Structures are given as C-alpha cells and as structure tokens.
Amino acid sequence: MSFSQRHPYLFWQLVGWGLTLVDFAFLVVAALNDFGEWSYPIIVFTFIAALFAIIGSPFFIYWSRRSRLPQTSSETESRVIRNDITSILMLRKKTYATMVCIAMVALVIGLAYVTYMLGEYGHILLGFVSMVFMIVIPFIACERYLAFVRKRFLVVKDAAQFVRMRDAYYLSDLRSTRMPILPLPNEPSDAMLDFLYNWLRRYLMSSQLTLISVTRADLRRVGIVLVDNSETEDGLEPNGPLIAIPEHQLDLSGANRAQFDKECKALGAFDLPTQSQTAGICI
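Yeah, the sequence shown ends on 282 if you go by numbering that gives the first Met the number 0, and it's all consecutive.
One thing to keep in mind: the hints can contain errors.
Here are the simulated lysine-lysine pairs, DSSO-like style, with alpha carbons at most 30 Å apart [what the hints assert, rightly or not]: (1) Lys-92 with Lys-150; (2) Lys-156 with Lys-92; (3) Lys-264 with Lys-156; (4) Lys-261 with Lys-156; (5) Lys-264 with Lys-92; (6) Lys-150 with Lys-261; (7) Lys-264 with Lys-150; (8) Lys-261 with Lys-92.
I should point out that these hints are in silico values taken from the structure, not numbers from a laboratory.
Since this is a predicted model, take the numbers as computed values, not measurements.
Go ahead and model the full structure; you've got the sequences and the hints to work with.
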C-alpha cells in the first residue's frame, strides 16, 4: 500500500503546501526579475491548485469514504463495485454524464465570477469564502451524484439472497459451455453479490441467479493458463478468486448478446477458449 493510500489527508496537504511554496518562490523571482503580466496567470492558477489540495481534498476524501458501499469486505472491493456500476450505466446510457459535467462546469464558472466580483469591490473575506465554495461544492456535488446513480442501479435490495453459489461442477463444462469468467478482488461479499444480481437482472429468465466459484487450479486442469497483467487499474490480486456466469440462465437473444458482451468486457470478464484455440489468456 502506497503512502497516499495509507495517509491520504497528509499526502494531499504536503502536495498543497508544496505547490504553495513553489508558487511563492516563483512570485518572488517574478517580482525581482520583472517577468511581466504573463506570469500572473501562472501564479494565480498554481495558487488555486494549492487551495484545491489543501482545502478541497479533506472534503473529497471524507465524502468518498462515506460513499463506501455497506457490507463490502475491503476498500478495493467497494472501489471495484463503484467503478463497475459507473461503467455499466455509461454503456446503458443512463448516467446523464454530459448534463452533469455541463452543470458542474457552469457551477464552477458561476462561483469563479462571484469570487472575482467580490474581490473587485474589495470584499476580500467574502471573496475567499466564495473561493472555498468554488473548490468544495463541485467535489461534494459530484460525489453525491455518483452515490445517487449507484443507489438507482441497486434496485433489488438484499439481492444476495437470490444468488446461489456453486463450487461443485464438471470441469469439462468450463470449455464446452459459454461461461464468462469475472475476476474479483476477494471472496464475494453480500455487496458484491447484490451488484452482480442487479447487473444481470436485466438478462435473467427467472428470479434466481446461479454463479460458479472457479479457481486458477481448476482452469489449469482444463488447459487454461491465465497471464496476469500487474498494471490493473482496480488493483486486483494476481491470485484473486474467479466467478463463472453460466449463460443458460440468461436471455441473450437479439440485441442483448451484443450489450452483454460489451458489459462483460468493461468489467474485465473473459470467455474461455475452445479446445482448438490457444490456452493462454491475459487478464
């Protein structure tokens, strides 16, 4: 675990005060050497970036931790679920991301204008407060919006009760039938099962979902060798658990097949090759 993950508050405070020190040094050098007006934007924008790190980061970290999904067994699992929900909703075009981005930009511009006008008329204290709002409010609004989107996605509450986990199966089924295999950060918690059920609910032909717990040893027995990519964005463990999704319980007719394949790809799920194909898979 890196220093920024162990001590996020301290890390961003060091970044902020480091930017402030660099900005002050540049201000002194610019004043002594008469750099001209072109140096003003550098000084101002560097100072604003430092304020983002010093003032905005505690709010962002606090609200990010508040948005952690309940019943998850690790922070990594919570992050994976949040990212996967966002990916699926973007593929289904239900995030309204463009409208939210426009609203956030308009909010920042509006608060920046208020800050400028307050400073222009000599209201320094109110201008500083407005600048703080300009930094903090977009962070909180964005995090609250993402939390709202995740809540709308998880329509079925306590969906883990509708999921049946199996670890006994015929190994030959892994190669003879289509079963997308999804790498997980750790053994699935109730929150992960809730997510999987609500994701696949769109395709289910019944109210129950059956998932198969697969190990890398099982895959080696049927001639499959996984080549792990250490540069995974979500920080999945190289020997983490795998979940197979039997497709016979899903309605993948028509446009559902293409949509399901896109979502599997976005989540990092992969299909096993047939006997005639190569046995190496990079995940």
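(request) Report the numbers of all earlier hints that the structure fails to satisfy, in ascending order. (result) none
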